[in-house]
Amino acid sequence: MTTLWERSRQVAVQAILDTAVRLFAEQGYEQTTIAQIAREAGVSQRSLFRYFGTKEDLVCGDQEALGELLKRTVAQQPAQMSAWDALRAGFEVLLTANHPPERALELSRLIFHTPSLHARYLEKRLRWQAELVPVIRARLGNGSGRPAPDTQAKAIVATVFACIDTATELWAEHNGRTDLADLYDQCLAAVRDHG
Numbered sequence: 001m002t003t004l005w006e007r008s009r010q011v012a013v014q015a016i017l018d019t020a021v022r023l024f025a026e027q028g029y030e031q032t033t034i035a036q037i038a039r040e041a042g043v044s045q046r047s048l049f050r051y052f053g054t055k056e057d058l059v060c061g062d063q064e065a066l067g068e069l070l071k072r073t074v075a076q077q078p079a080q081m082s083a084w085d086a087l088r089a090g091f092e093v094l095l096t097a098n099h100p101p102e103r104a105l106e107l108s109r110l111i112f113h114t115p116s117l118h119a120r121y122l123e124k125r126l127r128w129q130a131e132l133v134p135v136i137r138a139r140l141g142n143g144s145g146r147p148a149p150d151t152q153a154k155a156i157v158a159t160v161f162a163c164i165d166t167a168t169e170l171w172a173e174h175n176g177r178t179d180l181a182d183l184y185d186q187c188l189a190a191v192r193d194h195g
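104 is the number that the working numbering gives to position 104 of the sequence shown; each next residue is one higher, with no gaps.
Hints are computed from structural coordinates only; laboratory data are not their basis.
Be aware that a few hints might be false.
What the hints assert, rightly or not - Taking lysine to aspartate or glutamate pairs in the EDC-like style, the calculated list, with each CA pair at most 16 Å apart, reads:
1) Lys-124 to Glu-40
2) Lys-55 to Glu-40
3) Lys-124 to Asp-85
4) Lys-124 to Asp-57
5) Lys-124 to Asp-62
6) Lys-124 to Glu-64
7) Lys-55 to Glu-30
8) Lys-71 to Glu-92
9) Lys-71 to Glu-131
10) Lys-71 to Asp-85
11) Lys-154 to Glu-131
12) Lys-124 to Glu-68
13) Lys-55 to Asp-18
What the hints assert, rightly or not - Label pairs and their calculated CB-CB ranges:
14) Arg-22 to Pro-149: 42 to 52 Å
15) Glu-123 to Glu-102: 21 to 31 Å
16) Ala-162 to Gly-53: 20 to 30 Å
17) Gly-28 to Met-81: 37 to 47 Å
By construction, the Cβ of each residue, glycine as well, lies at the ideal position given by its N, Cα and C atoms.
Take these sequences, add in the hints, and give me the full structure.
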């Protein structure tokens, strides 16, 4: 059961997000200021920063928390599951953890059409990749008593991220009319079957 404070917080967060996304779409990400978002959402800038640490968090969500959720989910998959399937399971959890599909589509468009935002998004994703490599190394070495080489783990993680990003960009280009998980599977199959 949620408390009154939690419900109030959810309403405030939703109002801020709705305002930010509308302003980003109308004016562009770079041209929209935090002061303007706060004013139009009816909150102080200080309150806005309590809910969202940075302007980028309005678009990308809390990347540290999401990266940790991804890492934890991948690590918790059954030992017999392949590295590829464990990573896919992690991304499936992220699809439902951050934003509803309609909002995710709007934000994906923003990310892929705003060069500075896309660059920061990729920078944060590289941190996720680095944090996942030891988890995948351990999974690949399962049964041998020692982890697999970094080369194999890094290549698998980088391939999965490239496929996720490609699938997400295609999904946004097609206005969400295709299933994101299916697009990912198609991207991964193209790499694995024809490499």
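Evaluation of the provided hints:
Restraint check: the Cα-Cα separation between Lys-124 and Glu-40 comes to about 29 Å, which exceeds 16 Å; the hinted pair is violated. A hinted pair counts as satisfied when its Cα atoms are at most 16 Å apart, and Lys-55 with Glu-40 qualifies at roughly 15 Å. Straight-line distance between C-alpha atoms of Lys-124 and Asp-85 comes to about 22 Å, which puts the hinted pair past the 16 Å bound. For the hint linking Lys-124 to Asp-57, the alpha-carbon distance of about 11 Å falls within 16 Å, and the restraint holds.
For the proposed pair Lys-124 and Asp-62, the alpha carbon gap of about 10 Å is at most 16 Å, so the pair holds. A distance of roughly 8 Å separates the Cα atoms of Lys-124 and Glu-64; the hinted pair therefore holds under the 16 Å criterion. Between the alpha carbons of Lys-55 and Glu-30 the distance comes to roughly 10 Å, so the proposed pair stays at or under 16 Å and holds. The hinted pair formed by Lys-71 and Glu-92 meets the criterion: a straight-line CA distance of about 12 Å does not exceed 16 Å.
A hinted pair counts as satisfied when its Cα atoms are at most 16 Å apart, and Lys-71 with Glu-131 qualifies at roughly 7 Å. A C-alpha spacing of about 13 Å is found between Lys-71 and Asp-85, which places the hinted pair at or below 16 Å, so the restraint holds. Between Lys-154 and Glu-131 the CA atoms are separated by roughly 10 Å; this keeps the pair inside 16 Å, and the hint holds. Restraint check for Lys-124 and Glu-68: satisfied, since their Cα atoms lie roughly 12 Å apart, inside the 16 Å limit.
Distance check on the hinted pair: Lys-55 and Asp-18 sit about 14 Å apart at the alpha-carbon level, within 16 Å; holds. Between Arg-22 and Pro-149 the Cβ separation comes to about 48 Å, which falls inside the hinted range of 42 to 52 Å. In this structure the supplied range 21 to 31 Å holds for Glu-123 paired with Glu-102, their Cβ-Cβ distance being about 26 Å. Here the CB-CB span from Ala-162 to Gly-53 is close to 27 Å, well matched to the stated 20 to 30 Å.
In this structure, Gly-28 and Met-81 meet the distance hint of 37 to 47 Å, their C-beta atoms being roughly 42 Å apart.
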